[in-house]
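If you want the building blocks of each chain, they are given just below.
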Amino acid sequence: MNGNRLSLFLWAVVPALFGLGGSGLTRLGMIPNLVVMGRYHADLAALWLVAGLSISLLVVSAWAGQRWMEKRVSSALAEEREGQAADRRRFLRRLDHELKNPLTTICLGIANLRSSSQLQADEVSSLERIVHQTQRLHGLVEDLRRLAELDEAHLDRTRTSLPEILEESVLLAQSTPEWAARAVNMKLQQVPWPVAHMWGDRDLLVVAFRNLVENALKFTAASDQVEVRAMDDGRYAVVEVADTGPGIAPDEMPHIFDELFRGRNARELPGSGLGLALVRRIVSLHGGRIDVRSRIDQGTVVRVSLSLAEA
Amino acid sequence: MVFHMVRQNLLIVDDESDLLAELSSLLERAGFEVWKATDGEEALATVEARHPDLVVLDVLMPRMDGREVLRQLRASGDWTPVILLTRVGTPAERALSLQEGADDYLNKPFEPLELIARVQAVLRRTRRGSLPLSSCRRLISGDLVLDRQTRQARLAGKELPLTSRAFGVLEYLMLHAPDVVSRERLLDEVWGWSYAVGTRAVDIRITELRKALDDHPGTPRYIETLVGQGYCFVSEVEGQA
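So the sequence lines, in the order shown, correspond to chains A and B.
The working numbering puts the first residue of the first sequence at 88, with every later residue one more than the last.
The working numbering puts the first residue of the second sequence at 353, with every later residue one more than the last.
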């Protein structure tokens with residue numbers, strides 16, 4: 088990028104300087120000024136100047152034209168992506184809507200069956216399996232609703248402490264029995280000062296970081312490591328949730344934030360495929376950035392940058 | 353239902369027959385006498401003819417939807433308690449249900465036992481023939497005035513700087529006073545994020561409210577903590593249209 092900038096600068100400035108220099112030298116009489124072309128006399132000083140400036144102008148306008156085209160193309164692409172995202176959200180909202188009535192009926196039916204005492208033992212265990220699967224559907228509908236709510240959410244921003252949010256998120260992730268014993272290594276910047284406060288919606292940020300920590304725990308074994316790091320660089324707080332899990336395949340990487348996307352590794356694991364979509368939505372509502380780096384068989388780092396509160 | 357000497361009558365309204373059948377079976381088991389209606393017009397006719405003690409009303413129905421039924425009931429001066437079953441779960445939508453005159457609402461899909469608990473709570477709270485708190489614009493308790501339309505709270509005339517969730521918690525506790533409301537239910541109703549935030553989020557808002565109201569947990573004027581159960585609004589609440 089810098090090399091490009093430099094060569095553009097040279098192409099734009101050198102011809103103009105060259106023209107100016109030539110014109111000056113001609114004026115000073117160091118180069119003969121009068122050129123005779125047939126019947127016409129040309130002023131060489133002017134020719135130098137015009138030629139140099141024209142080349143520079145040409146280079147600059149070509150560059151500006153290209154920039155303009157690039158911008159048009161990228162804004163058209165962004166618009167299309169935005170349109171697709173909106174379509175997807177509309178579809179998900181419909182799905183959410185259509186699932187609710189059948190699910191309510193099933194829940195009521197289960198409650199009615201449970202209160203009838205004439206069930207055989209094997210029927211009871213069938214019923215429990217139905218209950219279990221219904222709870223999964225329930226979870227999906229809840230996540231869909233949250234996602235839809237975030238579309239029209241306004242943030243309840245207060246001055247919040249990121250370390251507190253992270254500690255709470257880890258605690259909540261560990262409140263799930265299967266992860267209660269799992270260690271999460273916290274490395275929060277303390278020296279020479281702790282991470283500065285930020286202006287954000289504490290509760291939504293807890294949801295986002297809890298999701299990231301849970302993801303890290305879900306995709307790793309007990310022997311793996313999970314680490315949560317936070318630091319600030321004066322303008323942004325940077326949080327990383329890292330794990331030594333199996334990593335994300337390069338071909339899946341572009342889709343991990345899509346709603347309902349589930350990677351090959353995730354097929355047997357519980358979840359709705361809405362977690363990361365939710366996280367991204369929350370981060371972008373805060374004007375932040377989220378990036379993922381991953382290496383197969385080495386692990387994954389999710390990095391979230393959020394701007395700090397003005398001191 | 354040993355406490356009910358007379359079985360109370362519920363009218364349930366939903367256009368889906370399967371749902372209606374399961375719902376009525378559930379409520380009958382809970383000890384209520386259940387009448388059914390499958391659309392808005394039938395619901396209005398039944399209320400007029402039979403005067404149920406409470407109506408459980410689905411919002412989305414063909415022809416006349418639940419909101420319209422509710423509006424017509426209230427416009428005709430009928431204050432039979434209504435619990436709305438909604439499918440649109442945004443907080444704004446839920447707030448709207450209450451302002452239109454519902455006594456409570458539940459989001460589909462709901463926990464069946466939760467519905468029974470809500471029905472009982474609404475029946476307990478209802479003062480027959482009077483405007484339910486949930487349809488009042490202002491909630492007043494001594495010096496404290498909550499304007500539900502402008503979402504502002506004032507204490508002795510001074511505006512309280514509350515976050516919108518703290519306001520939501522206070523509003524919910526006042527509307528359901530003197531019932532004890534669990535943290536989970538507050539998360540469900542005010543946040544809509546029951547599982548994800550953790551109950552500490554509720555405690556933080558309660559602390560914010562107590563600070564703003566100058567209320568002390570040891571000697572509460574407004575909000576009392578019931579260990580292991582939740583919170584309740586202990587002072588008398590009046591409504592103003």
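Misleading hints may appear alongside valid ones.
Computed footprint of chain B on chain A, listed as stretches where at least three residues anywhere in the stretch have a Cβ under 8 Å from a Cβ of chain B [unchecked claim]:
| id | segment |
| --- | --- |
| 1 | 148-158 |
| 2 | 267-280 |
A short, non-exhaustive set of chain B residues, derived as facing chain A with CB atoms under 8 Å [stated by the list, open to error]:
| id | residue |
| --- | --- |
| 3 | ASP370 |
| 4 | LEU371 |
| 5 | TRP431 |
| 6 | LEU448 |
| 7 | SER493 |
| 8 | GLY582 |
Keep in mind that the hints were calculated from the coordinates and are not lab data.
For each residue, glycine too, the CB sits at the ideal point set by N, CA and C.
Inset, instruction - Return the numbers of the hints above that this structure violates; sort them in rising order. - result: 1, 2, 5, 6, 7 and 8
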